[in-house]
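Here is how the chains run, residue by residue.
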Amino acid sequence: MTEFITQRLFQGVVVLFLVSLLTFFLINLAPGGPSSLIDFQSTAAEREARLARYGLDKPVHERYLNWLGGIVRGDLGTSINQGLPVSQLLMQRLGPTLWLGVASLLLAALFGIVLGIIGALWKNRWPDHLVNTIATLGMSIPNFWLGIVAIIVFAVQLGWLPSSGFASIGSGFDLGDRLAHLLLPASVLAFSLMPNVTRVTRAALLEVMTTDYVRTARSKGLQENRILGKHILRNAMVPVTAMLGLITTVLFSGSVVIESVFGFPGIGRLAIEAANGRDYPVILGVTLLAGLIVVVVNIVVDILYAVIDPRIRHD
Amino acid sequence: MNSLRTLHRTFLAGLLAIMLIGTANAQVLNLATNADPTLNPWSPGAVIESNLINTILFDQLTRYSPEDLTPIPALATAWEASEDGLAWTFELREGVQWSDGEPFDAEDVAFTFNDIVLNESLGAQSASQFDPIDSVEIVDDLTVRFVLNTPFSALPYYLASYAGIMPEHVLGDAPDPLTVASFNKSRPVSTGPFKVAEFVTGSHLRLEPNPLYWGGEPQLDGLIFRVIPDPNTQVAQAMAGQLDVVTRLSPQNVAGIEGGGRLEVLRQSQNLFYFIAPNHGDARFEDPQLKQAMLMAIDRQAMIDALLQGFGEVATGPVAPMLGALYNPDVQTYPYDPEAAAALLDELGWTMGSDGVRQKDGERLSFYMPTGQFGELVPATLLVQQYWEDVGIEADVQVMEWNAYIQDVVVGNNYEVTLAWWSMPPTADVDPYFSCAATESGGNNIPKYCNPELDAIMAEGRRAITLEDQIDIYARMQELLAVELPYLYLWYPDILTAKNVNLQGFPEITAATAFQHAVEWHIAE
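First to last, the sequence lines map onto chains A and B. 200 is the number of the first residue of the first sequence in my numbering; add one for each residue after it. 432 is the number of the first residue of the second sequence in my numbering; add one for each residue after it.
If you are wondering where the hints come from, they were derived from the structure by calculation, not from laboratory data. Treat the numbers as computed from the prediction; the structure is a model and nothing was measured. Each hint should be verified, as a subset may be incorrect.
Cβ pair distances, simulated, as ranges [stated by the list, open to error]:
hint	chain 1	residue 1	chain 2	residue 2	range
1	A	ARG272	B	GLY647	44 to 54 angstroms
2	A	ALA402	B	ILE954	44 to 54 angstroms
3	B	LEU643	A	ALA229	43 to 53 angstroms
4	A	ALA379	B	GLN935	57 to 67 angstroms
Derived contacts from chain B toward chain A, CB cut-off under 10 angstroms, selection only [said to hold, decoys possible]:
hint	residue
5	LEU553
6	ASN615
7	PRO660
Computed footprint of chain B on chain A, listed as stretches where at least three residues anywhere in the stretch have a Cβ under 8 angstroms from a Cβ of chain B [to be verified]:
hint	region
8	213-225
9	245-259
10	311-322
11	342-353
Every residue gets a Cβ at the ideal spot worked out from N, C-alpha and C, and that includes glycine.
Whenever a hint applies, use it, and build me the whole structure from the sequences.
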């Protein structure tokens, strides 16, 4: 197991290196430059002075080596548009994103699995059709649209929940206030992630339900509840875990949109701002962080497989 | 003993009452900005998301009069130009303190210009507008002299346009005064009526009254700028009652905002014109008549109605009507007339070809017209393409990502015609966009139009100190520009600002002016 984890970590470092290399050259090949340096009303002379000041007049490979040298020393560089260290920006924005991500993931997992079970148990009857409809809606409604509608209904019309932000301004830490700000964005994000969980849960359950050992358990006269809990659910959880692992990585792209709509000060919005503003060091920092999370989540999922299904051994 | 207790009780009750009244009357205004601001007006990172905030924080030498936009005293109390127009002396306000308690003096003004604006290696925001300045000399503690290399009568106007004075005692030792994060992104030292109380990146910036402000106590207890990138979310929040001011409102949202009753929409102006730039590197543009025909072929009023919901006015030149006496309405105009445009093109020898595109001596009347994805630029370009097609002019439109557009089209000058805008301080001095010198690679004369006659008039305008002289000179300049058409003038858009109907003391004339007078903002009961 230790050897497996070490090996996967090493592979992860290689992946991150390749990601950084690819990102660096792609964003530098993209036309345009950092928006603060090439603002429309600025003159060409002003722009040239700024490019030189940020070292952007040097060839791309030289800039990459400089950046890589910084990474090795633990320095992610400084944001061109914001003037702050990238590590500081990432730290500031990581909290809200994790808060939103974990909440969405829990909601998606909870509702997704419950709906999946309902669908499987009442296969091809009306509860299954209802679940199917909900999943199709979640799949097909774009979450930015759902977000704006949710703001209009729950914040503007009904006035129940705040329309944007991470917390009320000027008040200290207040869990209720944080949760009120979290509810809309997390629900919207969870709603778009949930269908994947529902479908995988339903399919896995149906598959397991027809296996020999379930039939054997039934013929032994085991109670239906025990069969479901001990035999069916546990065995169906392997593909569901894999799906949750996949979703964790998708969470990032979903939160990019949701954070912008709800004014949530997280990594996703930082990524958008950085990409729009061609803030090279920030784009790289966000990409590396996202890559790191994907690598770690994948390793964790692999380990979880072994925990859930003792037949899987990583040695 | 008893009386002491009563006294105690009365005192406590009084204290409680004061606290309650204090909270009840705490008037905090909620505003929005579309990204994290950079609290340094000269930093290249400070653009639309920061400009108005910096206007509140950092006083300038002058500011605009809410009545007619003439420069009025701010950190400077009086100014005077020398006989030859090559030196301007500014008397500075006495007793002004920075928000950290240090006194403000001539050192700060000299530092701001000599070490920031005029330091070419920094590439400070809008530095090129101050090209006529050679240096700023300290005459005494409260007097400075601007030494110019060419007369520049509009100097007091330009000094009121996002030209905040920075603290020498804080930034003077920084290797790069434009990128001090503890200043730009946290707690800047400033002189304005409000100062920074709290800056949470990605969330909000909270300002509180500056007790050391020279111009009296602000009437509001605070301002909160929420960072809301999405303009639709800004509108939704305003309608939900969570925002009191929304700047740069999209015309599409006006009806919804006004329907709510809590907010009103101000049609503010700005010295800003949209244009189609013909690239004069193209020999076809040597004769202004071709440009005149191209302008006549466009129904600008219809474009304003379609794109801006009517919130704009057809442009007659680079000087907007908001400039009052300096605006000359009696110039040659080009009302929409496709038949006259076609006739003029025929007369110029551009005859209709079999493919529906005119040609002359085998050359087609076709133009490469790149456009950038920003605001209304793409739909506007496509409308122009259709109008031109009607009279046999082909526009080869290419849509580009905004940053790429700036680099390739604006900096690289790779276009034949292109649609964009210029935003300028409220003065008729448009030199940076029209002079021959500005056609050089460092300048903003992107159509590369160079006319010594125009240069002479503009130089005369920069020498003219009195308004009467300026009116006469700039009227002639506008006449010439209307005939020559260095740019095809499209429209002056209204700058739409939604504000709480109860917010008073908010000058309506321009957004910049409104924010320069934030000390007077108050909420009517």
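Cross-check of the supplied hints:
About 52 angstroms separates the C-beta atoms of A:ARG272 and B:GLY647, a value consistent with the hinted range of 44 to 54 angstroms. Between A:ALA402 and B:ILE954 the Cβ separation comes to about 59 angstroms, which falls outside the hinted range of 44 to 54 angstroms. Separated by about 47 angstroms at the C-beta atoms, B:LEU643 and A:ALA229 satisfy the suggested range of 43 to 53 angstroms. Taken as a hint, the range 57 to 67 angstroms is violated for the pair A:ALA379 and B:GLN935, whose Cβ atoms sit roughly 33 angstroms apart.
At about 7 angstroms, the closest approach between the beta carbon of B:LEU553 and any beta carbon in chain A falls short of 10 angstroms, and the interface hint on this residue holds. With 10 angstroms as the threshold, the beta carbon of B:ASN615 comes within range of chain A, its nearest partner Cβ sitting at about 5 angstroms, so the hint holds. At a threshold of 10 angstroms, the smallest CB-CB gap from B:PRO660 to chain A is about 6 angstroms, leaving the interface hint in force. Restraint check on the region 213-225 of chain A versus chain B: 0 residues with Cβ-Cβ distances below 8 angstroms, three needed, restraint violated.
Counting residues of the region 245-259 of chain A whose CB lies closer than 8 angstroms to any CB of chain B gives 7, which reaches the minimum of 3, so the coverage claim holds. Figure legend: the region 311-322 of chain A, annotated as covered by chain B; annotation inconsistent (0 residues with Cβ-Cβ distances under 8 angstroms, at least 3 required). Here the region 342-353 of chain A counts 3 residues with a CB under 8 angstroms from a CB of chain B, which clears the bar of 3, and the coverage holds.
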